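J.: Letter by letter, the chains look like this.
Protein chains: 8
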Amino acid sequence: MLKVGIVMGSDSDLPVVKKAVDILEKFKVEYEIHIASAHRTPQKTAEFARNARDNGIGVIIAAAGGAAHLPGVIAAETILPVVGIPIKTSTLGGVDSLYSIVQMPKGIPVAGMAINGAENAALFAVQILSLGNPEFFEKMKEYRAEMAQQVEEKDSKLQELGPEEYLKSSS
Amino acid sequence: MLKVGIVMGSDSDLPVVKKAVDILEKFKVEYEIHIASAHRTPQKTAEFARNARDNGIGVIIAAAGGAAHLPGVIAAETILPVVGIPIKTSTLGGVDSLYSIVQMPKGIPVAGMAINGAENAALFAVQILSLGNPEFFEKMKEYRAEMAQQVEEKDSKLQELGPEEYLKSSS
Amino acid sequence: MLKVGIVMGSDSDLPVVKKAVDILEKFKVEYEIHIASAHRTPQKTAEFARNARDNGIGVIIAAAGGAAHLPGVIAAETILPVVGIPIKTSTLGGVDSLYSIVQMPKGIPVAGMAINGAENAALFAVQILSLGNPEFFEKMKEYRAEMAQQVEEKDSKLQELGPEEYLKSSS
Amino acid sequence: MLKVGIVMGSDSDLPVVKKAVDILEKFKVEYEIHIASAHRTPQKTAEFARNARDNGIGVIIAAAGGAAHLPGVIAAETILPVVGIPIKTSTLGGVDSLYSIVQMPKGIPVAGMAINGAENAALFAVQILSLGNPEFFEKMKEYRAEMAQQVEEKDSKLQELGPEEYLKSSS
Amino acid sequence: MLKVGIVMGSDSDLPVVKKAVDILEKFKVEYEIHIASAHRTPQKTAEFARNARDNGIGVIIAAAGGAAHLPGVIAAETILPVVGIPIKTSTLGGVDSLYSIVQMPKGIPVAGMAINGAENAALFAVQILSLGNPEFFEKMKEYRAEMAQQVEEKDSKLQELGPEEYLKSSS
Amino acid sequence: MLKVGIVMGSDSDLPVVKKAVDILEKFKVEYEIHIASAHRTPQKTAEFARNARDNGIGVIIAAAGGAAHLPGVIAAETILPVVGIPIKTSTLGGVDSLYSIVQMPKGIPVAGMAINGAENAALFAVQILSLGNPEFFEKMKEYRAEMAQQVEEKDSKLQELGPEEYLKSSS
Amino acid sequence: MLKVGIVMGSDSDLPVVKKAVDILEKFKVEYEIHIASAHRTPQKTAEFARNARDNGIGVIIAAAGGAAHLPGVIAAETILPVVGIPIKTSTLGGVDSLYSIVQMPKGIPVAGMAINGAENAALFAVQILSLGNPEFFEKMKEYRAEMAQQVEEKDSKLQELGPEEYLKSSS
Amino acid sequence: MLKVGIVMGSDSDLPVVKKAVDILEKFKVEYEIHIASAHRTPQKTAEFARNARDNGIGVIIAAAGGAAHLPGVIAAETILPVVGIPIKTSTLGGVDSLYSIVQMPKGIPVAGMAINGAENAALFAVQILSLGNPEFFEKMKEYRAEMAQQVEEKDSKLQELGPEEYLKSSS
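Protein chains in written order, with my numbering: chain E, 257 to 427; chain W, 257 to 427; chain X, 257 to 427; chain B, 257 to 427; chain P, 257 to 427; chain V, 257 to 427; chain Y, 257 to 427; chain F, 257 to 427.
FYI, nobody ran anything at the bench for these hints, they're computed from the structure. Note that the structure is a prediction, hence the values are computed from the model and not measured. One thing to keep in mind: the hints can contain errors.
Derived, one-sided and incomplete: chain B residues facing chain X with beta-carbon distance under 8 Å [said to hold, decoys possible]:
hint : residue
1    : Lys282
2    : Gly314
3    : Leu336
4    : Gln359
5    : Lys362
6    : Pro365
7    : Ala367
8    : Ala370
9    : Phe380
10   : Phe393
11   : Met396
12   : Met403
Covered stretches of chain W (chain E as the covering partner; in silico rule of three or more C-beta atoms under 8 Å from a C-beta of chain E) [unchecked claim]:
hint : stretch
13   : 296-305
14   : 354-360
15   : 372-385
Beta carbons are placed, not taken as given, at the ideal position from N, Cα and C, and that holds for glycine.
Generate coordinates for the entire structure from the input sequences, incorporating the hints supplied.
T.: Put into structure tokens, the structure is as follows:
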């Protein structure tokens with residue numbers, strides 16, 4: 257089974273990235289997770305990317321903030337699909353990270369997720385892997401059904417309690 | 257072989273989307289291409305998404321501008337990976353399209369490309385498909401090598417001509 | 257009497273949406289309120305929109321944040337007027353929600369309110385309904401007169417206390 | 257039959273506003289159209305707003321660019337629903353107009369449309385009027401069906417011609 | 257002596273506006289201060305503006321947030337100079353207020369200050385009044401000299417303590 | 257009579273600044289006009305500012321684009337009121353110029369006009385000077401009346417021709 | 257040995273600027289540090305800049321927020337390289353400071369760092385000085401090696417503990 | 257003499273970069289100029305950076321647009337000072353390039369210039385090199401004096417012709 261390779265530029269990104277890990281564990285997708293910096297350890301990062309496929313990785317998730325070069329730098333060294341998570345910044349809210357990840361030049365794509373959208377990065381990786389793994393496909397259908405059911409349960413609760421009581425009950 | 261399904265919200269997006277088509281043809285990836293609107297033909301769009309997998313589609317590319325709901329609306333109805341192309345707008349430059357595509361809620365990812373980044377949407381789709389199709393993998397390696405060679409040829413030309421002559425020769 | 261249908265994408269929007277409910281109750285406008293997601297429960301959402309008029313709804317208020325597709329997705333399935341509340345986001349302040357709601361394509365309008373502007377969404381719904389219901393018209397005139405009076409009372413208090421004491425008295 | 261009142265701050269907005277007029281004529285909605293400025297003719301503008309209901313107006317459409325106060329200034333003087341069209345500006349693309357129209361304070365709503373979204377302003381006005389006028393309701397259903405059909409015809413043409421020929425045929 | 261007229265749209269702006277009052281009191285400039293809303297009490301606001309000159313006012317300071325129409329609405333009704341203070345908003349940081357105040361159309365200027373820049377609004381008003389009142393001119397020169405001296409004293413303290421101790425001493 | 261001093265950072269700003277000159281000539285306000293750069297001729301610029309009052313200047317208008325320091329640099333060297341015109345930039349539309357002019361620190365105000373708002377800078381200067389010169393006050397009232405009349409004439413023409421003919425007649 | 261001259265517009269910038277000081281001390285680079293304002297003490301600031309080279313300074317670091325003119329004003333008075341630190345603002349996050357620092361006109365460059373990027377300003381100054389001082393060059397290589405090692409140690413810890421334990425251990 | 261190394265990501269950047277070349281030639285600074293891409297030729301780019309110092313380079317200028325990783329990627333592989341030129345983009349005006357260049361993480365600085373600010377990148381490089389080369393220092397003083405003189409000549413022309421004739425003479 258192909259693994260997901262997760263890379264983040266700094267351990268300060270781990271609280272966000274952890275949400276991607278949780279999704280992968282829920283789906284029982286194998287993964288590797290690394291701290292590697294496009295700027296502080298560029299050669300190690302490039303090596304990771306170059307060897308990813310030989311190491312059994314099928315999709316790479318890379319998280320970075322500010323001048324968020326990590327996903328693009330990895331994408332330049334592999335032809336595995338790379339999914340980028342723009343990390344929120346304290347100054348610009350993450351719009352800097354988003355632009356740095358998404359506005360890649362012709363030839364080297366990176367798939368941009370929402371700012372801090374780590375769960376979706378993992379879900380998207382699972383969706384990619386499910387093309388070659390029908391079991392994931394079924395699990396994803398269940399996951400979506402669960403999500404839908406949660407929405408419906410909340411709606412039922414709202415019908416039952418009304419908005420005022422609902423708010424009290426959840427605070 | 258899995259196909260790529262391309263959808264655009266309006267035929268005014270076709271000049272951009274055509275660049276994705278050209279990439280797919282270069283890689284000899286089969287594709288379908290449709291005009292379908294999240295807002296003007298919502299049910300047809302939803303049906304397309306729901307039936308995509310049964311119709312042999314493996315990846316969906318959706319292009320839209322402004323309140324660019326199309327990729328997200330399709331992603332809500334399929335668990336195939338959906339790649340979004342934010343179309344440049346005359347008023348906001350496409351930042352509206354980008355936010356509408358990328359800022360998806362937890363659970364339903366869309367992979368955002370650069371504004372007007374149609375080639376990369378297609379290349380990313382090929383990268384996804386290459387996981388199950390080593391032939392694409394080889395072609396992508398060649399494509400990258402060609403790109404690198406073009407850069408190097410331009411650099412050689414620059415060394416030969418110098419910047420002044422280079423500019424004259426290319427204008 | 258026509259009802260107002262309120263929909264929000266997630267119960268995390270309820271603290272904001274509650275302010276719309278309070279206005280409707282003040283005006284004794286009947287309403288339904290639902291949690292329904294453009295992405296997690298797309299078919300239920302579409303059904304709600306399609307059946308809204310038959311269910312006695314005259315105006316729909318839809319609140320959503322980020323890639324805030326909910327108002328547009330509902331507007332695509334009904335020709336009742338749809339009023340959108342862009343929910344503030346922790347990363348982009350709600351400018352993403354605002355663009356996703358307001359920048360609708362030709363043919364399918366959504367009426368955008370201020371970010372988190374739930375009271376105004378409800379007031380606007382009442383203004384629409386008052387066209388067919390002169391009683392609401394009178395109530396709205398009173399509501400405006402009350403608002404004006406509150407401003408004038410605050411001004412009187414400011415004249416009386418001066419800015420320094422006014423600030424102390426209200427802290 | 258209730259009329260639509262259209263106001264623009266300057267005749268330089270007329271090329272955009274004209275698209276709203278065309279929609280209203282298509283739907284055979286009666287309308288008045290005025291040039292009146294929030295800043296240059298404030299009293300005339302206020303009078304227009306105060307007398308609008310007595311003059312048989314049911315919905316007001318106001319277009320303005322830059323510090324686009326016109327819709328809000330009118331909304332302050334009437335309780336008819338006011339729909340704002342933010343006009344694109346040459347410097348900021350219309351984001352200034354959008355914020356000035358949409359970010360109204362609690363109590364006085366304005367319904368913001370897309371930047372330069374004049375057609376949708378008119379369609380939204382018709383949707384409001386159709387609550388008291390079932391004939392408009394039927395016409396709007398037809399209008400939507402026509403729009404959907406145009407999308408489908410374009411899609412059929414695309415299936416027939418393929419993207420390359422389609423582009424040639426429409427250039 | 258000409259007075260300064262201060263107007264704010266809501267008493268929630270008073271903590272910011274109070275800083276303008278403090279400057280005016282420091283310079284012993286007479287002032288009036290009012291709560292008056294462009295949208296909730298439009299006629300009272302217009303009257304204030306129309307009568308301002310006859311009431312002995314020479315400069316008007318108007319503070320507002322969001323769709324900050326107040327300064328422009330006042331400027332439309334008087335030819336006294338109007339200085340606008342854009343109030344910071346919780347969603348957009350005040351860029352909405354800034355655009356609404358500054359992007360006035362040709363013919364009706366408003367002088368925009370920094371977001372929340374209430375002191376500078378008052379200082380600017382004093383600078384205007386000092387043209388007809390040399391005493392203010394002298395006071396302003398002293399005020400500037402004091403500011404310069406404070407900067408120099410802080411610099412001296414920094415030379416003496418060094419950055420580490422300076423930080424400790426001021427925390 | 258106090259003069260207006262106009263300064264621009266580069267002669268490329270003159271086409272915009274000329275509109276301020278035209279207003280001053282219309283009002284028969286005396287003026288000086290200079291090209292002086294905050295960065296290229298800082299000492300000459302500072303001298304201009306320091307000597308402005310002694311040279312009979314009452315208000316300074318400064319136009320600059322990009323990191324538009326000129327108005328602030330002048331304001332630092334004079335206590336005459338300084339009005340800043342943010343010049344539109346080809347890259348950021350002038351939002352850079354606007355922020356650089358408007359976001360001045362506490363103590364040294366600059367009055368920001370709209371991007372490229374040169375007419376309003378001149379009108380604002382006249383409004384300031386009219387406090388000490390009732391003749392300008394009367395002229396400004398006439399100017400406003402003329403503006404209002406132009407709006408009304410355009411409205412009359414629109415009532416007469418209708419929007420379609422109006423557009424044809426003005427193209 | 258050439259010194260680094262550090263200037264900040266206000267002592268409120270010192271907590272950020274202190275991080276630059278710490279880097280310079282780590283590298284044993286001599287420095288001066290001053291509080292001097294482009295607007296409140298313009299002449300002292302200009303003198304500092306004019307005399308910097310004669311005072312043994314080789315690189316100037318200037319920090320400022322809002323209409324952050326300080327780096328540009330200094331650059332106008334010296335031909336030493338000037339490095340600007342845009343300080344985060346509470347209203348616009350520092351994008352105003354960034355534009356004011358970076359968008360300098362042709363002829364007078366300022367080197368912009370990240371918002372609040374004080375460490376990098378100091379590191380960049382050291383990189384400049386190392387051209388004439390091979391010892392700094394060696395120290396910088398060590399500094400980078402240390403940074404790389406820290407990243408690798410964190411990665412090793414992550415491999416050992418896994419993401420869950422890592423997060424617990426660092427909170 | 258140390259050389260300047262210029263790198264651009266694509267030959268489409270050459271028209272902008274050429275302006276840096278012209279400055280270097282004017283100052284008789286030796287330079288190398290290359291086309292090398294962070295994404296399409298990452299290894300060649302890294303090698304260039306790693307060998308730059310041994311090849312006699314003292315400062316590197318790197319120009320890139322969009323997700324402009326090139327300057328940061330080079331900075332990660334050398335400790336020579338790296339100056340980044342953000343290239344204007346057709347969609348976002350270059351704010352994407354600016355953020356990607358300027359918002360570098362702690363440890364690896366890049367000196368950001370204005371969008372398309374190629375002359376200033378070269379001037380800044382000369383300023384750096386002048387620390388070890390007093391001849392450049394003198395030339396830069398002359399360059400600045402020439403610039404100042406040009407401004408003064410334009411001002412003299414403006415005094416002579418007046419704004420109206422000046423505009424005619426330069427169009």
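J.: Hint by hint, say whether it matches the structure.
T.: Against the structure, the hints come out as follows:
1. Proximity of Lys282/B to chain X is violated relative to the hint, the smallest CB-CB distance being about 12 Å (cut-off 8 Å).
2. A distance limit of 8 Å between C-beta atoms decides the matter here; for Gly314/B the minimum to chain X is near 5 Å, and the interface restraint holds.
3. Contact between Leu336/B and chain X, as hinted, is supported at the beta carbon level, the nearest pair being about 7 Å apart and thus within 8 Å.
4. With a least beta-carbon distance of about 5 Å to chain X, the hint placing Gln359/B at the interface is held under the 8 Å criterion.
5. Among the interface hints, the one on Lys362/B holds; its C-beta lies about 5 Å from the nearest C-beta in chain X, closer than the 8 Å criterion.
6. Taken as an interface hint, Pro365/B checks out: its beta carbon lies about 4 Å from the nearest beta carbon of chain X, inside 8 Å.
7. With a cut of 8 Å, the hint placing Ala367/B at the interface with chain X holds, because the nearest CB-to-CB distance is about 3 Å.
8. Taking 8 Å as the C-beta cut-off, the interface hint given for Ala370/B holds, the closest approach to chain X being about 5 Å.
9. For the restraint placing Phe380/B at the interface with chain X, the shortest Cβ-Cβ distance is roughly 4 Å, inside the 8 Å limit, so the hint holds.
10. Because the smallest distance between the Cβ of Phe393/B and any Cβ of chain X comes to about 7 Å, under 8 Å, the interface hint for this residue holds.
11. With a least beta-carbon distance of about 5 Å to chain X, the hint placing Met396/B at the interface is held under the 8 Å criterion.
12. Hint status for Met403/B: holds, given a least beta-carbon distance of 5 Å to chain X, under 8 Å.
13. With 0 residues having a Cβ less than 8 Å from any Cβ of chain E, the stretch 296-305 of chain W misses the three-residue criterion, and the hint is violated.
14. Counting residues of the stretch 354-360 of chain W whose beta-carbon sits less than 8 Å from any beta-carbon of chain E gives 4, enough to reach three: the coverage restraint holds.
15. Under the rule that three or more residues need a Cβ within less than 8 Å of chain E, the assignment of the stretch 372-385 of chain W holds, with 9 such residues.
Hints 1, 13, counting from the list given before, are not met by this structure.
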